[in-house]
Each structure stands twice: as C-alpha cells, then as structure tokens.
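Sequence lines, in order, name chains P and H.
All letters in the first sequence, in the order written, are residues 1 to 414 by UniProt numbering.
All letters in the second sequence, in the order written, are residues 1 to 414 by UniProt numbering.
Calculated directly from the structure, the hints in this document are not laboratory data.
Glycine is no exception: its CB is placed at the ideal position from the N, C-alpha and C atoms.
Treat the hints with caution; some may be incorrect.
[Said to hold, decoys possible] With the C-beta cut set under 10 Å, the calculated list includes, among others, these residues of chain H facing chain P: (1) 315; (2) 318; (3) 336; (4) 345; (5) 355; (6) 359; (7) 401; (8) 408.
Number of protein chains: 2
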Amino acid sequence: MTKTSPFAPASLPTLPSVGGVALAAAEAGIRYQGRKDLLLVRFAEGAEVGGALTTSRTPSPAVNWCRSLLNSGRHARALVVNSGNANAFTGQRGVDAVHLTAQIAAETEGCAPEDVFLASTGVIGEPLEVSAFADTLRGLHEAVRPDAWEDAARAIMTTDTFPKLASRTTQIDGVEVTINGIAKGSGMIAPNMATMLAFLFTDAPLPGGLLQTLCTDTVAQSFNRITVDSDTSTSDTVLLFATGAARDRGVPEITDPHDSRLEEFRLALDELTLDLAHQVVQDGEGLTKFVTVRVDGAHTDEDAQAIAFSIANSPLVKTALAGEDPNWGRIIMAVGKAGVEIDPDELAIWFGEIPVAAGGEVHPDYEEAEAAAYMKRDELLIRVYAGLGGAGAATVWTTDLTHGYIDINADYRS
Amino acid sequence: MTKTSPFAPASLPTLPSVGGVALAAAEAGIRYQGRKDLLLVRFAEGAEVGGALTTSRTPSPAVNWCRSLLNSGRHARALVVNSGNANAFTGQRGVDAVHLTAQIAAETEGCAPEDVFLASTGVIGEPLEVSAFADTLRGLHEAVRPDAWEDAARAIMTTDTFPKLASRTTQIDGVEVTINGIAKGSGMIAPNMATMLAFLFTDAPLPGGLLQTLCTDTVAQSFNRITVDSDTSTSDTVLLFATGAARDRGVPEITDPHDSRLEEFRLALDELTLDLAHQVVQDGEGLTKFVTVRVDGAHTDEDAQAIAFSIANSPLVKTALAGEDPNWGRIIMAVGKAGVEIDPDELAIWFGEIPVAAGGEVHPDYEEAEAAAYMKRDELLIRVYAGLGGAGAATVWTTDLTHGYIDINADYRS
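For reference, chain P alone in the conformation it holds in the complex (with noise of 0.2 Å):
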C-alpha cells in the first residue's frame, strides 16, 4: 500500500542469537491481516533490565506499568509487544488489558506478571481485546527460538515499510559481548522518542541499576536526536535487557557506569542506537530526503540543539528539501525563532561543504545553482554555525515533508 522508503536497506542483516534470548511472533489479526503483530521474547532467569519511557503526560497503561516495574527493580523473564492497537487512553479497560496480557504471558512462562514487560503501538484510543488474541499470546510460549530476529522486529512495525534491524559485537574486559537491536517508527518521531519502540539485547552481565544509566545516556545522542514531523506518543518505549549469559566467560561485574572497562561497550551501543535511531529516520513517512542538521558555535549544547531542533522542525524547512530548493532564508528564519542566543552578524551556513551565509548575509561565493544541485541529493547536510564561538553543539536528524506524509497521515488512523 504505502511504497517502501528509498532508504530502505537492500538486505536485511541477519543478526547472531544473544544468549539467553529467545523469540517467537505470530498474526494475532489485531488490526493488520496477513502480517504478524504480537511479538513474546523469552529471558532466562536472572536478566536485568533498564529503560527510557515517554515524557508524555497521557501515558500508555503499558508505558506506566513499564515504568513501575523498572522504579521497583524487577527482573525480566518475557517481554510482550504487540502493534495495531496503542491501547493508549483506554482507562481501566486498558489497564485491565495490560493487567490480564501480562497474567497471561506470566502463566505460560512460569514468573510473576511483574516479571513481564509490554509494550503496545498502533491507533490510540481503542480498547485492546486481549480475549482475542489469549490463544494465539499462549501458542507463542511452544514458539520461540533464538533466531527469530526478523520475525520480531517485523511483528511491531505500524506504518514502518522496512524492518529495522542491527546488531554489534564488543567486549567488556577483554570478553566478547552481543547487542542486538530491533526497532520501529515511523510517524510520532520527536524528541523524546516519540511512536518508537526499541528493545535492545545483550549477554553481558549487567545490574538493572547501570542499565538504567546506559539506556537513558544512549538514548538521548540516537532516538532523542531525531525527528520526523515533532509529534510525541503515548507509547515510546526503550528497553535494554541483559541476560547474563557472557558471565560464565569471565566478565566481571561492574556497577559503576563509568568504569572504563565499560567504555567499548558503550560506543558499541551508542553505535547501535544511532544506527536503529537513523533507519527509524530513513523510514519517516512520506520522506525522499535523509537529512543531518549540525549546529556548532553555540553557547551550550542545549542552545545548539534547540536551534538544530527548530530547523529539523520547521514545516517550511522540510516542503522547501522537498521541492529541492537551497531556500536557505528559511533556515535563518528558524534559527531566529529558536528563541535562543545567537549572534546574526556572525553567523554561517552550509550546504555540505557550500558556503552559503556568512557575516549576517549570503556568502559572496553563493551560486544558486551550484546549491540547487546539491540539493538533488538524497542525504543532505545543513551545518550551522550560531556566531558566538562557543563550544556548544549538537546533530540532529531529519527528514524532508512531503506530499508522501500527508497521503499516510490524512488517512492512516494512529
């Protein structure tokens, strides 16, 4: 129906298996026919967990049980994803659904409901009918395997064209460890995560506590640097789990986040988020252009997002990279009203490496048309540079608005 992204990956990477992890996901016939769209991962005994939920004030019920079982330190044995339905502002019907999928998923797996965590993405507002698909949630318990990458990752996607799939091998201390990474966009993507799941995986041996700690720092230079159309959900939903299964290979334990033998794999996980953060990009609905906003020269790194944020924003930034215009007097325009200091006599802009601004006006090399060409392209890079010389600075990630967006979202009830 919806034509798949130009930036959809020729091949899908096949991922290894994580110790500890296993994975089934099966057509629950939710709202989609004909695709899968309940996902049960399978954790053994003893795997710890960390997240970043939404910032939003009307919360999934999933979010908000999410959130009570990482503040109380559980453990994680299973882990209940479906797409379709949001069950977001369902009151005590979508609390009880929450309640009675969690119980359901607790009785086969042989734990406690708090030991399952859930997540649900789809339309908001509609109660989810968890008698519908009791059967088919039981049937995944028999299903699982430590292969089931794809399917996974396939079974949340909403309006998402292509899987999204990565995977990192590192080391903690010496020892080698796997991350592996599934998630989905695509409309709702903001900072803050906006309609997007995550679940990320690894065999390292880690406490829920440092967990929380590398969720909440990885998150916030991939999934929090990104933007489709500024629009937040009900729903987002990182989680890191870590089953331990590396320990029997010697890895020590390590609580503190910033002991250095953390330090691989940190940048492997970093690594990893932007890689999944920047797919969830590509596949913004209705996008032809992936687009990298970097600004420098600010006071603070705040400063410096905030303007970068107010240009990857701004609906006639995003029309004007659709119709391939260096309409580079609306970048100014939204610099200007990102309300934070900049100094306009100093400021400079690029396209790529063409200087178009510099000195508070357009930069005596301009050429149109040589701006006009780099525009063609399919990734574009708009560097800012704010005027004051100081050290803040951020990127961020966008993409262009396009006919595409509103064929999807005049129609596509989310």
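Fit chain H to the supplied structure of chain P, relying on the hints for placement.
Coordinates of chain H only, in the frame set by chain P:
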C-alpha cells in the same frame, strides 16, 4: 496561480477614511509583476505610534529600525511597506537599504528619516535594491488618497490569496472614533506573529506610551493566538498609528491604559485585530479547514495555551483534519506532549458539541459516524478539558495541513 482560499470573503469591506491618514500603492516590480508591491501611508503631523515586533533572533533591519524608533518615542509621518523581498539577513546592504528608503520618503514628505516607519516582507536573504524603485516611491508622494485602503491591503500581500481589511467605529468618552486595519499572512504564521504584517490606524488622540500598551495587549489576544505552520518570521510587525484628528471633536487626553473611558475603544480594537487574525488564518497556505481550539480546566491560562498550541501545531492532528478523520487519539497525543500538567483520568474532548472522550477513555455515547460527519464541515471546533478544574483557559485558531501547503512551499521562495 494559487487557488483562492475557500474562506475568502465574498466581497471586501469598504473602509471609511481616518482623519490624518492618506495612502497610495504602486507597482515597483520588486519581485511580483503586474501587481502593486509598494505602499506609502502619510500621517498628519503629530501622529503617535505603538507597535509589536517579531521575537526572532534574526530580525530584519526594518524591524530593528522600527524597534529603535518606537523605543525613542518618535512620532510618525510616514509608513513605507514593500512586498516581495523581506530584506532580511542581508548584512550592511540591508541596513543601508532601510536608511535609503527612509531618506527618500523623508525628502518627499518633508520630515526626518526617523519619522518614517518601514516594513518589508517576502524572500529572505536577497538584498533589496532600493535604487530600482526610488522613483516609484517618490511618485507616491503625489498619489496619496484617504480612501486607498484596498490598494494598500493588496500591496502588502505575498502568498495571500485575498487582501485583509477591517474597520470598527467606536467611542472614547462619548466621541466617535474610527479604527481601520490591514494585514497580510499567510505562511510562517505562529505565535509571536510570524510573517505577519498588520497596520492599524485610528483618528483617536492617544499618546505613544498608551498605544504601545494597547498594541501589546490586543496582539496577545489576536495575532499571538493564531498558527498556520508554527514557523515565526524575521519580519513580523504590528503598528498602531493614532493621528489625533478626532481631538477637535473633544476626546479627552487619556494616558492610563486602564482608564474606563477607553473600554469601548479597547473592545473595538480587540474585535478588529481578532477579525484580521482570523482572516490571516483563513488564508493560511493550502487550508481547507478553519479550526478553533479551545482548552479549559488547566491550572493557568499559560498551561491552557501550551496545550492549545500543541494541538494546533501538531502535523498529525492537522493532517487528520485535512483527511476529515475524527482521529481524536492524535489530540490525546498532542495534549500529552504539551509538557504541562493535566489529569489524564479526567481529560475530556469534544468535536463541536459532540462528546468524544471523558474520564480517561472514549465517551460512552461516542459514535464515529457522527464525528466523521462533523469533520466534513469547513469550520471546526476542538474543545479540550484539561481535567484539573482550574480556571486556566485559552483559545487559538489554526488550519489543517494539506497537499496545498506542500505545493505552495516546496516551490515558493519565501
């Protein structure tokens, strides 16, 4: 080229003259061909002025010029406005262009350059070649008439599809006075005024300090309550000129903005600016719906306004409106992302008079067919109760987000 807004008035109002005001417009060929793009307004000696200017950190030199004149409490002898070129981010050449324009008008009008108020709207980043239209500007000196209101309103248009005019007759202390206004939109419309110019003219004898307060107050409830695309321009300018021609008829000197003898005048001014603000929204780029968003039950008016703008600016809400889809889940999303306190369990939503959600879930009487029928109207009301029982309330006005918006902005160089 661009289709006229479906909300364009069937006929334009004929504005009465305002004592001490004369206007003329001409074809200066700045960007547009075959239409007037340069406006001169002449004021009788002693005219006072107050204003509200863009909060952008990249304001145009014309905005800086007006800000400086307002801060020095200058009287006004002339107003010069051009469309087609915003003369923004044009460096020293832009500053020189402002000085030259004021100089030319000062010479013909026989006043100081600092008595000439200026505004420019159109493309950002291209130097304004004043010498190319200097003779046209000089020629306007002979052409001014007290009744050229429609010409004036047309001369300041950019992507506007109809000229925006309004007039009110009111009283100060029993003496009749007139207020006329012209305005232009129509993209980059957002709180803090966006690419919006509005010029207001009265024959009331009101001092500059008072006009400043009146202008700030009336903008807060009109032009700062509208949004088309959340983008804010470099050039927003609202100026309120008072010639004092009604002084002869015995209007007393008033300096206190809270003087009860000003009450009717303030009401009329608020009515007039709200009328113009609605016209600006009703000519929003590509719109097919005129949407009122009303929020109450928040802790403060500021909180209510944050929620209302979060709804009014949400691309997902606006595309749903374009698709005539009663997708109230997206309103829940927008309320949730506003970042201010609400009670999700008491939150309620109405489309017009139709109860949609209440008590944290869909309203028991809600029927999608009824809501879908409502959505087919041209004018829509989205009403939200924030659930807190507070006195905080706000109303804002917006448009839907359509293919037309993309068409206009992927090509038009603004």
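Task: Hints that the structure is at odds with (numbers, increasing) - done: Hint 5 alone not satisfied by this model.
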